[in-house]
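Starting from the given sequences, assemble the full structure and let the hints guide the process.
Numbering (my numbering), first residue to last: 105 to 222.
What the hints contain is simulated information worked out from the structure, not anything from laboratory work.
Check each hint, because a few of them may be wrong.
[As the list claims (entries may be wrong)] Distance ranges between label pairs, derived from CB positions:
hint, residue 1, residue 2, range
1, Gln191, Thr116, 32 to 38 Å
2, Asn194, Arg167, 33 to 39 Å
3, Lys148, Ser181, 28 to 34 Å
4, Leu182, Arg161, 19 to 25 Å
5, Ala180, Thr124, 17 to 23 Å
6, Thr159, Thr113, 36 to 42 Å
7, Trp115, Ile195, 19 to 25 Å
C-beta: ideal position from N, C-alpha, C; glycine also.
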Amino acid sequence: MPKTTNPATHWTAADIPDLTGQTWLITGATNGLGLSTAREAHAKGARLILAVRDTTRGEQLTRELSGADVLQLDLASLDSVREAAAQVSNIDVLINNAGTSPQQRTEWAVHEVMSVSG
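Dropping the structure here:
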């Protein structure tokens, strides 16, 4: 029987289509997967909204990702979520990437991880 390949396993960023005209809101965009996603979407023409806790790091990132907007957002705070939502009107893509990694294992830490990441 001939061996077949799964196209999903051979996907690369080169396969991303032109994103011009799309607005992408990316949480956790200042490092890790969120940062990689922001860089690739920007390279393909997407308008970016970097939804971040640390706006200083977000502003530094806009030097690399020209035209990106920074939105202060702490997903562990419902007030912050409401304030951020009130500032955003239209988005085409939401990359909900933000997470948290508490230093101590407590009942509250488990709750925080589930509320931010879940």
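Confirm or reject the claim that Thr159 and Thr113 have a C-beta distance inside 36 to 42 Å.
Since Thr159 and Thr113 have Cβ atoms about 38 Å apart, the given range 36 to 42 Å holds.
Quick one: are Trp115 and Ile195 within 19 to 25 Å, going by C-beta?
At 24 Å between Cβs, range holds.
Go ahead and decide if the range 28 to 34 Å is satisfied by the Cβ distance of Lys148 to Ser181.
Because 32 Å falls inside the window, the suggested range holds.
Using the beta carbons of Asn194 and Arg167, state whether their distance is inside 33 to 39 Å or not.
For Asn194 and Arg167 the Cβ distance comes to about 25 Å; the hint is violated.
Status of the given 32 to 38 Å range, CB of Thr116 versus CB of Gln191
holds, 34 Å
Could one say that the CB atoms of Leu182 and Arg161 fall in the range 19 to 25 Å?
For Leu182 and Arg161 the Cβ distance comes to about 23 Å; the hint holds.
Consistency of beta-carbon spacing, Thr124 to Ala180, with hint 17 to 23 Å:
violated, 34 Å
When the structure is compared with the earlier hints, violations turn up for hints 2 and 5 and for no others.
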